[in-house]
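Student: Order-wise, the sequence lines are chains A and B. So in this note's numbering, the last one in the first sequence is 492, and the numbering has no gaps at all. So in this note's numbering, the last one in the second sequence is 492, and the numbering has no gaps at all.
Bear in mind the hints are in silico, worked out from the structure with no lab data behind them. There may be inaccurate statements among the hints.
Same chains, same label: a pair holds when it works inside one copy or across any pair of copies.
Said to hold, decoys possible - Taking lysine-lysine pairs in the BS3-like style, the calculated list, with each CA pair at most 27 Å apart, reads:
1) K155 to K10
2) K274 to K442
3) K276 to K472
4) K241 to K283
5) K244 to K13
6) K290 to K170
7) K276 to K442
8) K170 to K283
No experiment lies behind these values; they were computed from the predicted model shown.
Protein chains: 2
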Amino acid sequence: MFETAEIGNKIDKATFKAQEPELRTALLELQRELAQSDLAVLIIIGGVEGAGKEETVNLLQEWMDARGIEVYAPWDTTDEERERPRLWRYWRALPPRSKIGIMFGSWYTDPIVQRVYGNMSEADLERELHQIVQLERMLVNEGVVVLKFWMHLAKHVQEKTLKKLRKNPKTAWRVNDLTWKYFKKYDDFVHVAEEALRRTSSGFAPWHVIEAEDRRYRELTVVRTVLDTISASLAEARQHKRSKHLVPDRPQPAEYNIIRHLDLTQSLSRARYKKKLDAEQDKLSRLSRKLREQRRSMLLVFEGPDAAGKGGAIRRLTGVMDARNYQVISVAAPTDEELAHPYLWRFWRHLPRLGRVVIYDRSWYGRVLVERIEGFCVPEEWQRAYAEINQFEEQLTDFGIIVIKFWLAIGADEQLRRFEDRKLTAYKQYKLTEEDWRNREKWDAYEAAACDMVERTSTEAAPWVLVEANDKHWARLKVLQTVTRTLEQKLE
Amino acid sequence: MFETAEIGNKIDKATFKAQEPELRTALLELQRELAQSDLAVLIIIGGVEGAGKEETVNLLQEWMDARGIEVYAPWDTTDEERERPRLWRYWRALPPRSKIGIMFGSWYTDPIVQRVYGNMSEADLERELHQIVQLERMLVNEGVVVLKFWMHLAKHVQEKTLKKLRKNPKTAWRVNDLTWKYFKKYDDFVHVAEEALRRTSSGFAPWHVIEAEDRRYRELTVVRTVLDTISASLAEARQHKRSKHLVPDRPQPAEYNIIRHLDLTQSLSRARYKKKLDAEQDKLSRLSRKLREQRRSMLLVFEGPDAAGKGGAIRRLTGVMDARNYQVISVAAPTDEELAHPYLWRFWRHLPRLGRVVIYDRSWYGRVLVERIEGFCVPEEWQRAYAEINQFEEQLTDFGIIVIKFWLAIGADEQLRRFEDRKLTAYKQYKLTEEDWRNREKWDAYEAAACDMVERTSTEAAPWVLVEANDKHWARLKVLQTVTRTLEQKLE
């Protein structure tokens, strides 16, 4: 795969100079169009040492309007990064819509280096690469143009280049012991990189291998590729926008479905509830401290119809936990920074550190519930969301985060009773809005969407727990017990 | 000061129950009004162990709409926090407009504990408290309602309470060795806390000392104080809004001023420039690595008229630095998350970690330049900004961040020449907008504002460097030399 980047491509100074004004103008025009669009651009620059990666980034910044470019060059990881799944630091650095992000060093760096040094098995590398392909597919689907460059030098060219860099006092620092250590592994790096590139070069995010020996050839090729890719994506986005129809979906639930199947008559007397609640809360209090000590983390998701009792169930958990150790995220309308990123970004940003608990009062499942039913996204978006969500949660559980998802189920009549009750109590009225009544009219559609959701996203590692919630005592206790039992299982 | 909180206030159950519905309704109504307003609310809960701080927060969350409340309970600091000025972690956690933030543990915690254990001198405590008062004044001015509660227990009451907590298996974990260690220092804590409260109880952010022995008395008192304070603030904000006039300011520069005084004819031939640039860039390359090694950080600010050459000067710096080690922040329109916070928030969020460089292409000085001249803020806002900015920068330099601020000065005729030049070169046209021409008409006002700015914010620790920028060579070299000389001085 790298042979095509060892054929001695060169561009002379005159040709370069002649093309520069036109290319710069085109880049700037493109940036202006990008600023008006819904797209973000992510440029990943990988490749061998001495292949001019930094110079290329400097050139892009000089030729374009640097104010629309964000460069992310990860160095050592911070503990906030180490305490979250590997991709978290990159999610943090994703460019928002209408901007260009350049990553020097990316989600490819670590797997390649680890594999070369034998710290990662062939199988684990495959798995990582597979996750990367999924991530990039999702980004592209969410409107991020992903451009990947691999700067290549043949072995003897790299050696020559590194020696030259070392000789020049200005650049000598760039060639250190690590550089030579890597160079000695040149063949291994090429081998692993080739595999990584081959496995991750997709139609939606292909790799561009650049012959990097000649500066001018390298830079013009990168600039032209950037130009071509972004303008094609902008054209496609314009096309796509015209044909984009937001249509509400009104699925009908199956007559026998997993939610209707629940026995909502289950209940607990106040006395028994009090006693059991007490015991379970004691356990949770103890287990949540153990979670902290063992540096595990937990993520709880609460979904369910309006008035299903999510807030009350959450408070029975948090009431006995150390306030420093949990955070409740109530999902409301996204901010504009959140809207400018792929929809999972706003959930990534709140992931718990080790030893912490994050509780989502509504969550990313909004995508396949309210957004589907109300037509806030196109069908293609919520349809692919099941897989995207599973991949997201897989990253959480792979990292060791304990994930439990609760669906609080109530009957339509019970909801009505609670709505009426809210109308009567002054301090409960705020909980009841016009929207709640409107949503109620779509009861069946929401039920069907919830069934689809459970069917497609309940996994062994991150299961859905259906909670019969017509009786609040029963529901709260079941939630508590599920959490304590899970913790008992998962903690040492 | 705490005597008033040791008089045995109690409220019986019936009274409490009777008041609950009315108070809950009032709280919720208030929250609705808050959501429509430009105010944020910050509730700080301090006080002794066992005084029911967590219970009070739980009550507030239960009685109000928890979706509008963000609780921040800092525990151990992360390295990302330790590598920035002490207040950074609290800035991160400030509630946005229309929300309520509750801080358990706040900027008071550390100074009080450190002082009690003798790790902080009386003078340093004074200094910290002074900074806190300044911070709170700024927050209040920026529309944050600051409510501070100190939960007090007399010594014998605390002892009794802690023993009771320890006896109950549910709460025993809350009383650990540290709790008793602190309790032994009860008198010292009371002494230091009293001083801290006295020094920081201001008209705009007074302390409310709460007698905490009786749960019902404590909770009702907090709730009533929250109600009274927020409703008074909302009423005041409505009043204030009506009388708020955004007026552009058109200051006239003094005939002899610091900017006109500059000798803009200074220049450098291309040959001399090339040679010197080379030498200075070598130095910077070396020094920036030394900065990294010595874990210092640097913050550079660039301001100046349109077309003064800020971007070019910045690129001469970044061209020789390791991309992983610096970040350029181009200040454009704020996002809505930024607009929802005090205006310095968007700059706090980008502060460099240890060993890093952050370069601001335009900065917080926009407040006293463009916002003043264009009337984007009221006069009172830009007038107080000088002091706020000085306090902000003092925190940076106190923490050891190297701060240099560059004003790139060009003459009005030189600007015109550059504008005309931009019109002619296709790939420079994007740099020239209608706004640039409009700003040009207010040349004198901008010059006068810049003079005021330099006069009021050039400090020894964070000086303004005026750069004669009619000649780009001269300007770029002066910037480079200033940076290298400063680094030579400040690094070991």
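Student: Decide, hint by hint, whether the structure agrees.
Tutor: Hints and how they fare:
| no. | hint | verdict |
| --- | --- | --- |
| 1 | K155 to K10 | within (18 Å within a copy, 82 Å between copies) |
| 2 | K274 to K442 | neither (35 Å within a copy, 72 Å between copies) |
| 3 | K276 to K472 | within (14 Å within a copy, 77 Å between copies) |
| 4 | K241 to K283 | neither (53 Å within a copy, 52 Å between copies) |
| 5 | K244 to K13 | neither (46 Å within a copy, 60 Å between copies) |
| 6 | K290 to K170 | between (53 Å within a copy, 14 Å between copies) |
| 7 | K276 to K442 | neither (36 Å within a copy, 73 Å between copies) |
| 8 | K170 to K283 | between (63 Å within a copy, 9 Å between copies) |
Of the numbered hints stated above, those contradicted by the structure are hints 2, 4, 5, 7, listed in ascending order.
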